Structure formats: C-alpha cells, structure tokens
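If you're matching them up, the sequences are chains A and B in order.
With the numbering used here applied, the first sequence covers 1 to 140.
With the numbering used here applied, the second sequence covers 1 to 326.
Derived from the structure by calculation, the hints contain no laboratory data.
These figures come from a predicted structure and were not determined experimentally.
We put the CB at the ideal spot given by N, CA and C, even for glycine.
Treat each hint with caution, since some may be false.
[As the list claims (entries may be wrong)] Here chain A is said to cover these stretches of chain B; the calculated rule only asks that three of the stretch's residues, wherever they fall, bring their Cβ under 8 Å from a Cβ of chain A:
| hint | segment |
| --- | --- |
| 1 | 88 to 99 |
| 2 | 119 to 132 |
| 3 | 186 to 198 |
| 4 | 251 to 264 |
[Claimed, not checked] With the C-beta cut set under 10 Å, the calculated list includes, among others, these residues of chain A facing chain B:
| hint | residue |
| --- | --- |
| 5 | L50 |
| 6 | L59 |
| 7 | G83 |
| 8 | F85 |
| 9 | L136 |
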Amino acid sequence: MNTQNTDSHISVEQRRYATWLSWGARSGLMILAVTFLAYVFGWLPARIPLEQMPSVWNLSSHEYLQQTGAPTGWHWLSLVNQGDFAGLVGIAWLSGCSLLCLLAVMPIYARRKDWVFVALCIIALLVQLLAASGILTAGH
Amino acid sequence: MLNEVVSRLQNTGTLLRANALLLLLVLSLFTAGAYAAESLPDGSSMPWWGWALALFITCFFLGIVAVPSGVGGGVLFVPIVGGFFPFHLDFVRGAGLLVALASALAAGPSLLRGGLANLRLALPLAVLASASAIAGAMIGLAIPANLVQIALGITILGIVVLMAMAKKSEFPEVAAPDRLSSALSMNGIFHDAARNQKINWQVHRTPLGLALFVGIGFLAGLFGMGAGWANVPVLNLLMGAPLKVSAGTSSFILTLVDSSAAWIYLNKGAVLAIIAVPSVIGMMLGAFIGARLLHVLKASVVRRLVISLLLFAGLRALLKGLGIWP
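From just these sequences and the hints, can you work out the full model?
Right under this line is the structure:
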C-alpha cells in the first residue's frame, strides 16, 4: 500500500492532521490564556471566590464537589459566564481538538479505500466521545 | 592551535555557565518546594496568588529541564507538585494530564510535518492506550488518595531505574516486519537532519507492543502523567522504530491518550483552572527556553539532575502515601 505523497515522504493525511492540530492547539491555548486572565483579574465573577480556593483545593474532588456544589459532567457549560468555569472552555477545547483532526483525515483514508484506518479513526472517535460524554462515572 | 584552545575554553565556559544556571534553577525549585512543604499544615496562610505564582515558577523550571533530559513535563509535574504543594492529588493529576496534553499538542504539528511522528504507527497504539487511560483515570479517582500516592511513588522509583538503566538504539535492526505491522503499513521514511539522509524504517513485535500500550495508557490515566518514559522504550527497543521517530510518535500518541483521560477528570470536577492554567503556561514557557538551551546544556548533566529530582519526588510520594512524611 503506497501511503507516501508523490512529492514528499510525509503522507497527505499526516499533513492534514498536522494542520488541523496546529489550529486546534493554538486556538485552545489562546482561549485558555484569555479566560484565565478574565478569571484572575475579576473581569468575570467567580462562583468560588479566589480567596477561598486555598481552603478547598486540598479536598478530594468528591469532597470539593460536595462542599462547593460545583457541577459535574457538562453542567459547567451553563456556568460559563463565571470565571472559574470559563477557564474550562479552553481545557475542553484542547481535550477535544483531536476529534476534528480524526474527522479531517477520514475522507482521505476512505478515498484510498483504506478501510482499516477508517475503522481505527471511528474507534478512536468513539473512545474520545465516550470519555467526553460524562456517561462514565467514578469517584471516591 | 592557540585559536582552538581559546575556542575550547570559551565553549567550556559557556557550558559551565549554562549548567551553573541550571543548578541554580533547580536549587530554587527545591527551595520553593521546601517552603511549600513547610506550609502544608496551614495551607491557607499563603494567599491564592502566591500559590499560583509558586506553581507557575516551579513549572517554568520543570519545563526547562524536561526538554534537555528527554522526559515529558507531566512525569516531573505530578510527583513534585503532588509532594510539595497543598493541592489534593486529584487536582494535581488533572492538571498533570493537561500539562502533558498541552505540551504534546504544541509539539504535534511540527513532529507530524517533519515525519518524526507517524500517524500510521501511532493510531493503532493510541486507540488501545486511550481506552485503557479512561479505565486508569476512573480507577485513580475511585481509590483512596494515599493508595494512589504509594503506587505513584513506586512507579516513579521504577521510572528512575528505567531511566538509569535503559539503553537506546538510534536505528534498531528490524530484519522483517511482522504480519500485523505489514497489514497496517506501520512503516515510513524520515529525514535525519544530522546525517542529511532519508531513513526507511519498519517495526516488528507489534502484538506485544499493542499489549504494552494498554498498560501504558492505564498508568497515564491513573497517575495523570504523560507516558513518554514508557512509550519511547516500547517503540524503540521493542518494536524497533528509530529513536527520533519513537520520541516524536510517543509525543503524538499522548495527544489522544491524555485527552481521553483528561475528559474523565474534567467531568468529575477534578480540574481546577487556578491549578491547571498556571501549570500549563509555566511548563510551556519553560519548555520553550529549554529547547533554546538544548545545544548549550550538557544532556548527561541534565539527565542526572532529573533522575535525582525524580528519585527525591518518588521517595516523597511513597513516604507521603505511607503516612511517614505527611
């Protein structure tokens, strides 16, 4: 199976993946930095005041959730206008940007009838979506 | 002759200055860590911004030493921050995953474009490791923190032994690829700039490599650290990928493995922006400086420093978990 591009030893799908990953990582880091500045400089109000964080960050995540009433799963999205949860937008974006990269390379594999790698991309997508879904629960 | 001697003396001077600077940075790191450790019983005595700043500075230094030593920032972050800062280990592991993820995402595009990371080699391994990372993250959040600390301490001490003993092979000999790697076309060409030539490579022992990546993914999710320390030996020594391809592909694999585990921590409320963001930014800035210092710093000195740091942090995690050094 020839996976090499005619004018380079880097395959077409690999270059497309790199392009999408580059945009995903850059935009994610930018969102992360901007929302964090809004959080620490008080441009956005915080649900849990920053001054109180030292009294809760030594708790386990389970105790922290109980004490602060912070949401689990995707419920933080409804609180995104608050500084401490706005910061999670960048984190979620960074965690999820690989999904777009996988979707971007699937058509290339499909055109080449490389069904094994189409299947691998679909499985990778499903694994990421399962992790992101919040269906899987665990805790102390 | 005289010019050569002067040039050598100048190089030695530069090297000494750079390594002295590094030693100073590491001493500062230990001072910050010791201060944090002393403050543990009354963590609220220092304001939130003091901790955020200390975390940023610590991660900046960790980022500097992570690049020349060849280990990911995550493997340094979790035991050191978990051992010396007042944050619960759940939040440290959540932040550790994001530190490793952000570093891998930042490096990923250039590694892919340069052929040092290979999508066909990475994808099958990453799928299995991502799935097991989810299981590791779920178990890590379900068991008591002191058990995770003990297991972390033992694992870090194991990594120290691995780093001290493991051999590397720049271009391992792979006589013939196995059937699975042939079927998946897990091979490629990369341009070795040092030799200015294109290197054809292929891999073998793929089924065993896949099985080991299940375990590696599990550990990554459990402890919230990148798994480059394990990925590279498996890709290089077991499967026979060239060292540079192994390191690049390992970093790329982390973009998928750490993101699946990060979702579990995020969904369980184990990610706090006030811990995660200064860590990510500090580590990335430090890694940027570390990459610039790469040609000045002596890799063996940095490596010994990192092994010492990990040995100390591993013992700290173990003793903390056992309640001997709370």
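Here is what the structure says about each hint:
1. Given as covered by chain A, the segment 88 to 99 of chain B passes the check, having 5 residues with a CB less than 8 Å from a CB of that chain where 3 are the minimum.
2. Residue count for the segment 119 to 132 of chain B with a Cβ under 8 Å from a Cβ of chain A: 8. That meets the three needed, and the coverage hint holds.
3. Under the rule that three or more residues need a Cβ within less than 8 Å of chain A, the assignment of the segment 186 to 198 of chain B holds, with 5 such residues.
4. Taking a C-beta to C-beta cut-off of 8 Å, the segment 251 to 264 of chain B contributes 8 residues in contact with chain A, enough for the three needed, and the coverage statement holds.
5. A cut of 10 Å between beta carbons decides the hint on L50 (chain A): the least distance to chain B is about 5 Å, and the hint holds.
6. For L59 (chain A), the interface hint holds, the least distance from its beta-carbon to any beta-carbon of chain B being 6 Å, beneath 10 Å.
7. At about 8 Å, the closest approach between the beta carbon of G83 (chain A) and any beta carbon in chain B falls short of 10 Å, and the interface hint on this residue holds.
8. Of the supplied interface hints, the one on F85 (chain A) holds, with its beta-carbon coming within about 8 Å of a beta-carbon of chain B, less than 10 Å.
9. Nearest Cβ of chain B to the Cβ of L136 (chain A): about 6 Å, under the 10 Å cut. The hint holds.
Consistency note: the structure conflicts with none of the earlier hints.
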